[in-house]
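The numbering of the sequence shown is UniProt numbering, which starts it at 1 and goes up by one.
Careful, some of the hints might be misleading.
In silico BS3-like cross-links for lysine-lysine, where the CA-CA straight-line distance does not exceed 27 Å [stated by the list, open to error]: (1) Lys8 <-> Lys34; (2) Lys8 <-> Lys149; (3) Lys120 <-> Lys34; (4) Lys120 <-> Lys8; (5) Lys120 <-> Lys149; (6) Lys57 <-> Lys34.
It is worth saying that the hints were derived from the structure and are not from the lab.
Keep in mind it's a predicted model, so treat the numbers as computed, not measured.
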Amino acid sequence: MNFSNYFKTPLEQWIEEQYQSNDIHTPIDLDIDKIAMIFGVDIIYYDNSPFSENEDKVIFIDRRDDYIEQRRIFFHELCHVIRHSGDQRWMPELFREAQENDANRFALYAMIPFFMFEQKQLPVNRREVLSFLASEFQTFTDFAEIRLKQIEDRITDSELRSTFTYASMAPKNDEATINESAASGLDYLQQPRIHSLYGMDDFSRPHALVIEQRQGFNWDEPLLLNVDRNYKVHNSSFYRSRHDATVLPGDLSIPPDQRGM
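Let the hints inform the model, and build the full structure from the sequences given.
Following this line, the structure appears as structure tokens:
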């Protein structure tokens with residue numbers, strides 16, 4: 001895996017910043033009592049089912065559970081305490097599901113942070129990798145497998161999205177065309193339209209832009225675009241049925257005064 005192609009979500013970046021600013025640098029530092037203190041959360045061990053009180057910032061953990069299970073529960077409930085509000089017993093199902101999905105993602109990032117993961121020398125055999133991660137980060141093998149798959153998919157997704165697709169709208173020979181001249185008042189239809197594609201893990205920014213040109217593209221001339229706003233959202237199937245062409249990063253040119261913007 002090429003770890004340089006991995007991209008972190010804003011939530012993942014925030015967790016990493018909290019860890020590093022509080023001297024959490026290795027898996028050994030991921031002690032739940034220490035993490036709780038950093039986030040201003042209290043842990044109460046008792047003989048009953050685990051739960052959390054968001055308003056009081058308290059996590060109740062069943063002392064009868066083994067340590068690995070206690071860690072899994074802690075990081076899941078930690079997300080509820082520091083990020084969520086409301087009582088799930090009374091909230092709509094969709095809200096409850098959204099909070100649970102967020103807590104599950106949080107636990108993946110918090111229990112196996114990528115900045116620690118990428119420092120490890122992983123075994124070649126996948127089964128050994130999972131056992132190694134479970135041992136290093138004190139978690140279950142199936143949890144380590146989910147995180148590993150997430151990292152692999154994120155890297156693959158990033159590599160695929162390193163190319164841009166211009167969605168060519170050139171009409172077929174048997175299709176009627178519209179005279180979209182300036183005189184007709186339809187010249188705006190000749191301008192490229194930009195659509196944004198978002199992944200399911202990160203809605204803070206698009207992973208790719210799709211450029212739509214109704215009149216088709218002149219591949220012998222440069223296409224000048226001004227990307228300076230939010231664009232209409234489409235899913236990844238938006239352009240699949242259309243004629244398209246792949247544009248490599250080397251085909252793109254950014255004016256010097258626009259770089260970094």
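| Any hints this thing doesn't respect? Which numbers, in order? | Result: no hint breaks.
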